[in-house]
Amino acid sequence: MIKAVLDANIFVGSAIRERGVAAAVIGAAKEGKYELVTSPDIRSEIKRALSYPEVKFKSGWTFARINRFIEKLQRESTNTPGILDLQVIQNDTTDDKYIIAAVEAGADYVVSRDPHLLDLKEYEGIQIISPEVFLLCLRSKPVLIF
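Going by our numbering, the first residue of the sequence shown is number 289, and it counts up by one from there.
Treat the hints with caution; some may be incorrect.
Said to hold, decoys possible - Cβ pair distances, simulated, as ranges:
| # | residue 1 | residue 2 | range |
| --- | --- | --- | --- |
| 1 | 332 | 375 | 27 to 33 angstroms |
| 2 | 341 | 312 | 22 to 28 angstroms |
| 3 | 290 | 342 | 18 to 24 angstroms |
As the list claims (entries may be wrong) - In silico DMTMM-like links for lysine to aspartate or glutamate, alpha-carbon gap of 25 angstroms or less:
| # | residue 1 | residue 2 |
| --- | --- | --- |
| 4 | 360 | 380 |
| 5 | 291 | 333 |
| 6 | 360 | 392 |
Read the hints as simulated data drawn from the structure, not as lab findings. Every residue gets a Cβ at the ideal spot worked out from N, C-alpha and C, and that includes glycine.
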């Protein structure tokens, strides 16, 4: 089964636009079309991003809903420890957590809208792609994007 790590920006996009591309990516995980991988650092970033006042306003999510979502994410995703020591993203080392989780889990993809990650394109066989491209990959046989 395909394994993927999602950037926090995908979760934010899904919360704000329940019928958008990001929501379709999250929905595909719920449908069992791929295995979602997270780590403590990633879940912490997702919680922090969903808790920003502007995001809460646009999504209508309360702190209680955010907490329930993070707990469910921990239960239902494949969890990695996030302890591998890697420094891959030179322009924003806080993005390394996504690469670390992907390496630890043997993931196929990191899905993001972050240019620092997308510019990398690939790391040790892990493709770094947009949510639009990821949905195409789920609908067909996985292909090399670069």
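Going down the list of hints, with the structure as the test:
At about 19 angstroms, the beta-carbon gap between residue 332 and residue 375 misses the expected band of 27 to 33 angstroms. The hinted range of 22 to 28 angstroms is satisfied by residue 341 and residue 312, whose Cβ atoms lie roughly 26 angstroms apart. Separated by about 32 angstroms at the C-beta atoms, residue 290 and residue 342 break the suggested range of 18 to 24 angstroms. Our distance criterion of 25 angstroms between C-alpha atoms is broken by residue 360 and residue 380, whose separation comes to about 28 angstroms.
Restraint check for residue 291 and residue 333: satisfied, since their Cα atoms lie roughly 20 angstroms apart, inside the 25 angstroms limit. Under the criterion of a C-alpha separation no larger than 25 angstroms, the hint pairing residue 360 with residue 392 is consistent with the structure, at around 21 angstroms.
Consistency with the previously given hints fails for numbers 1, 3 and 4, ordered from lowest to highest.
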